[in-house]
Amino acid sequence: MLTLTINGADHQVDVPDDMPLLWVLRDVLGMTGTKYGCGIAQCGACTVHLDGMAVRSCVLPVSNIAQGQKIVTIEAVGQSDLGKKVQNAWLEHEVVQCGYCQSGQIMSAVALLDKKPQPNDEDIDAGMSGNICRCCTYTRIRGAIKSVSQA
Amino acid sequence: MTKNVSAQAVSLSRRRLLQASGIAVGGLLLATAMPFARRSYAEQYVNKGPEDAPLSTSTALGAFLRIGHDGRVTLISPKIEMGQGVQTGFAMMVAEELEVPLNQVVIQEAPPNEKLYGDKLLGFQATGGSSSTRSNWEPMREAAAAARIMLIQAAANQWGVSPAECRAENGMIIGPGDRQIGYGEVVDAAAQLPVPESVPLKKPEDFKVIGQPLRRLDTPGKVDGSAKFTIDLQVPNMKIATTSTCPVVGGKLLAVDDSRARALPGVRDVIKLDNAVAVIGDHMWAALQGLKALDIQWDYGPHATIDSEQIERALHAAFDREGAIATEVGDINKAIGSASSKIEAEYEMPFLAHATLEPMTCVAQVRGDTCELWVGTQVPVMAAAAAAQGSGVQPENVIVNNQLIGGGFGRRLESDFINQAAAIAKQVDYPIKLVWSREEDTAHDLYRPHYIDRFSAGLDSNGMPVGWSHTIVGASVLARFAPAAVPPNGLDADAVEVSNKPIYKLANLKVRYVPEAPKAILNSWWRGVGPLHGAYVMESFIDELALAAKQDPVAYRLKLLDEHPRAQAVLKLAAEKANWDQKLPAGHGRGIAVQEVFGSYLATVVELQVDAQNGIHINRLICVADCGIVTNPTSVRSQLEGGTLFGLSAALFNEITVHEGRVEQSNFHDYRQLRMSDAPPVEVHIIPSAELPGGIGEAGTAMIAPALVNALHAASGKRIRRLPLARAGYHVV
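Sequence order for the protein chains is A and B. Number 88 in numbering that gives the first Met the number 0 belongs to position 89 of the first sequence; there are no gaps in the numbering. Number 369 in numbering that gives the first Met the number 0 belongs to position 370 of the second sequence; there are no gaps in the numbering.
Just so you know, these hints were derived from the structure itself, not from any lab. Heads up, a few of these hints could be off.
To be verified - Under the rule of at most 25 Å between Cα atoms (straight-line distance), these lysine to any residue pairs were calculated in the SDA-like manner:
id	chain 1	residue 1	chain 2	residue 2
1	A	Lys69	A	Glu91
2	B	Lys558	B	Asp580
3	B	Lys576	A	Lys84
4	B	Lys271	B	Ala188
5	B	Lys291	A	Ala8
6	A	Lys145	B	Thr656
7	B	Lys251	B	Pro264
8	B	Lys227	A	Gly77
9	B	Lys227	A	Ala8
10	A	Lys84	B	Asp217
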C-alpha cells in the first residue's frame, strides 16, 4: 500500500510497484484530466507536477515517488494563482481545439512560468517542445504563455 | 454569381417534404419523430452534467432543437465536436435566429439517424469533408427561425393578439402592453402549431451573433481537466481492454497461450478474436502487462512478404493501365505535340497515419440483444453497423452515445475499433473500455493513400500552357469505404478532386485516374482528403511551368485565373502581405500556392531559409482565405493556423512504410510530429465575403505542402517532388 499526496490530499493505493502514475490517476483514482498519448514520454499529454517539476506520469512508476512528494494534476492546478492565470490565458487566447493535449500543455506551461516568469521564445521552445498538439495550436499556446509573463 | 443568402425561405414543397419524410434539412419535426425516444444507459450513468435534465421536460421543436420548460435550448448537433469549433458555430446560428443568449444553448450529440441527421453534401451522417457549416448554414438557421415564429404565434394565441404585434428577444416573447413570456412557457403550445410556410432568415447586415469572434462553448472543461473524452468515461463495473491485432492485414489468430497473463494481478480476462487478442484488466496497466505476457501465434496470411518497394512498384506499373478518364477537353496529344516546349514531372505522396492524440477507444456493453456504445465517432450510423456486426445484435438495437473527440482528422470516419470493442464486449458480461496503445494505433491505422502523379504539359512560345496531361495513381478510398459511390469505370471523385477541374485556364486538358489498392495497407480519409493531394501536385507543377517560362510564379498564375476573381483576390493579397516583390538574401526563398478547396479560396505563402546542411527555417507563413460568410472568425483563424501546421507536420516529417507486411512505425519517436520548436507563427488574413460559407477545417492543411516545396526551390534551386522533405534529408532548424 502506497500513500500518494495528490492535489493536497493523501490517497492510499494498492497497485503494482511498477505501475506508472498515469494509470493510477486515471484508472484507480478516476482523475481523468491527465491524458494518455504515447506511454513513452514522447507527447507530454500525461504531464503532472511532482514537487513543482513537470514530469511525464506515463513513465513514472508510483514506487519512485517518495512519501510526501506533492503531486499536482490539471484538476487542481487552477488552485494556484499562476495556474489560474494560465488557464484563463488559454481561454482568452482561444488556444484549445480538440483539447486532448491541453491538460499536459497547461501543466508544462505552469511549470515553465513558475521557473521562468518571463520566458523568451527559446525558453518557450525548450519548456514546451515535449508536448505534442496534433491540432497544432502552437501559435496560440506561445501567445498565451507570453500574455501571462507580461501580466 | 452570388446566391442570395439573405432572404432564404422554405418553400411549401420543401416544407411538405420535411413533414413527410422526416429529413432534417428544414429542421422542424414535431414530437412524434423525435430522437431520444428512450433514455439510454449513457444518459443514466455518464452524462451527469446539467444537460442531463430528463428529456421529457423538454419539448421538441424540430430535429435540431428542444426547448425546456425552463427556457433552456438544447441544440441536437448533427456534427461531432473534434476541435473544429463547429458546435459553437451551430449554437451561434441558433442564438441568432431564435433570439436567445448564446450561453443559454446546450449541445447534445445527435444519435444515429440518417433521415434526421444525414449530411446533404456528403450523402450520409458524418462529420467530415469540411462540410458541417456548408451543409447546415441554411437548415440550422431555418430550424431556429421557424421555432421562433412558432413560439411567437403560440404567445400571440395565448394573449389573443396578432403575432405581428409580438417579437422575440433574449429568450422571451414580448407583446403589446408590456406583455412578456419566456419560451419555456409557450413551447408546448408552439409544438402543436403547424410548420410555418415561409421562414425568412435574417439579412447578414442584421446579424448580431454570426460574424462575431466569440469564445467556444466547449473550451472551459478542456483547460481544467473536466471535459470527458471517450477514453475518460467510467461506466459502472467497466473494465479496461487493450488489444494486440495481427500485425499483418489479412492475418488471423492461430493460438494464444495466456497462462502467464492470467496470473498477473489485475488481469480479468483474455478474449480471442479472429485477428486479435484482447486482455481485460482492472486498469490499463494490467491490460498492457497482460498483453506483453501473451504468447501469440499468428497466421500472417497472404501479405506477410509485402514491403514498401513492392507497393511502389505496383503503383508505378499501374500507369500502364487505362484507368478512368476524369476530364478530357480538346486534343491533348496534338496540343503537346505542337507546343514550343514540353515539361514533365512526377510527384509522390506517402502513406500517412492520423496519429490522433486520443488513441482509438470505445466503451461497449452487450446485454441480451442490445449493444450500447459510448464513443467519439465521426459516423454514428456506420458505428452502429460496425458494432452490430461485431456483437451479433441488430443494428437498430445498437445505442450510440457520441462523445467529444480527441482528434479526428478522418480516423474516426472508420469504425474498425468499434467493431472490435463490440466483439470483445459480446464475450463478457460487463462493459469494457477498449483503449488502443499508441503502438497499436500507429500500426493499425487506415492510411492516407500513397499517390503518384505524372504530368506532361506543352508551353507556347510565351511559356503559357497549351496542353496539360495528368495521370493519378493511388488507392481509391471510396471503393473501399462506399463502393456504391464509385462508377463502373472506377473513377473516384475524391482521388481526382481539384485536379479534374483546374482553376487555371487550360485549353487542352486530360486527367486520368488509375486505382491501385496496395497490399498490406488499408487506406482511408485523412484531413484534407482529395484537395490535399490535388493542391500539392497542381501547385507544384504550375510553379514548375512558371519557372520554365522564366516568369514570376504569382504573375504566371494570375494570367491563368481570369475566370476566378476570388482566387485572384486571395493570391494578390497573399503576395502583398508577403512582400512578394521584395528581394530576399541568398539561401532564402518564397513559395506560393493558390486553389479553391472545400468551397473556399486559399492562398498560402511560405518564406524560408535553408542552410548547407539542409536545415530549413520557416521565417513567415501566410494564409489568406476567402471562405464566404464567416460564422465565427476566431474558429476560422484557429482552423487555418492549426490546419496549416498539421499539413506542415506531414509535409516535413511523415511517411508510413511497410516491411514484411507490417507497418514499421510505432510511436512518436519514429513517427514524429511538429512540436513547439518546429512551429512557425501562422499569419491569417480573411477576405470579407458575402458568398455562401466554404469549408475551412481542412483548407489550410491542403495548401501548405506546395507552398513549402515551392519556397524550398526558390531558396535552393532544388525541386522536391516526393514528400516528406525529411526523406530528402531536410530537417527543421
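Cross-check of the supplied hints:
1. Under the criterion of a C-alpha separation no larger than 25 Å, the hint pairing Lys69 (chain A) with Glu91 (chain A) is inconsistent with the structure, at around 29 Å.
2. Distance hint between Lys558 (chain B) and Asp580 (chain B) is fulfilled; the C-alpha atoms sit about 17 Å from each other, no more than 25 Å.
3. Between Lys576 (chain B) and Lys84 (chain A) the CA atoms are separated by roughly 34 Å; this puts the pair beyond 25 Å, and the hint is violated.
4. A distance of roughly 55 Å separates the Cα atoms of Lys271 (chain B) and Ala188 (chain B); the hinted pair therefore is violated under the 25 Å criterion.
5. Straight-line distance between C-alpha atoms of Lys291 (chain B) and Ala8 (chain A) comes to about 34 Å, which puts the hinted pair past the 25 Å bound.
6. Of the pairs offered as hints, the one joining Lys145 (chain A) and Thr656 (chain B) is violated, with about 39 Å between alpha carbons and a cut-off of 25 Å exceeded.
7. A hinted pair counts as satisfied when its Cα atoms are at most 25 Å apart, and Lys251 (chain B) with Pro264 (chain B) does not qualify at roughly 28 Å.
8. Under the criterion of a C-alpha separation no larger than 25 Å, the hint pairing Lys227 (chain B) with Gly77 (chain A) is consistent with the structure, at around 18 Å.
9. Pair hint Lys227 (chain B) plus Ala8 (chain A) holds up; C-alpha atoms about 23 Å apart against a cutoff of 25 Å.
10. Under the criterion of a C-alpha separation no larger than 25 Å, the hint pairing Lys84 (chain A) with Asp217 (chain B) is consistent with the structure, at around 19 Å.
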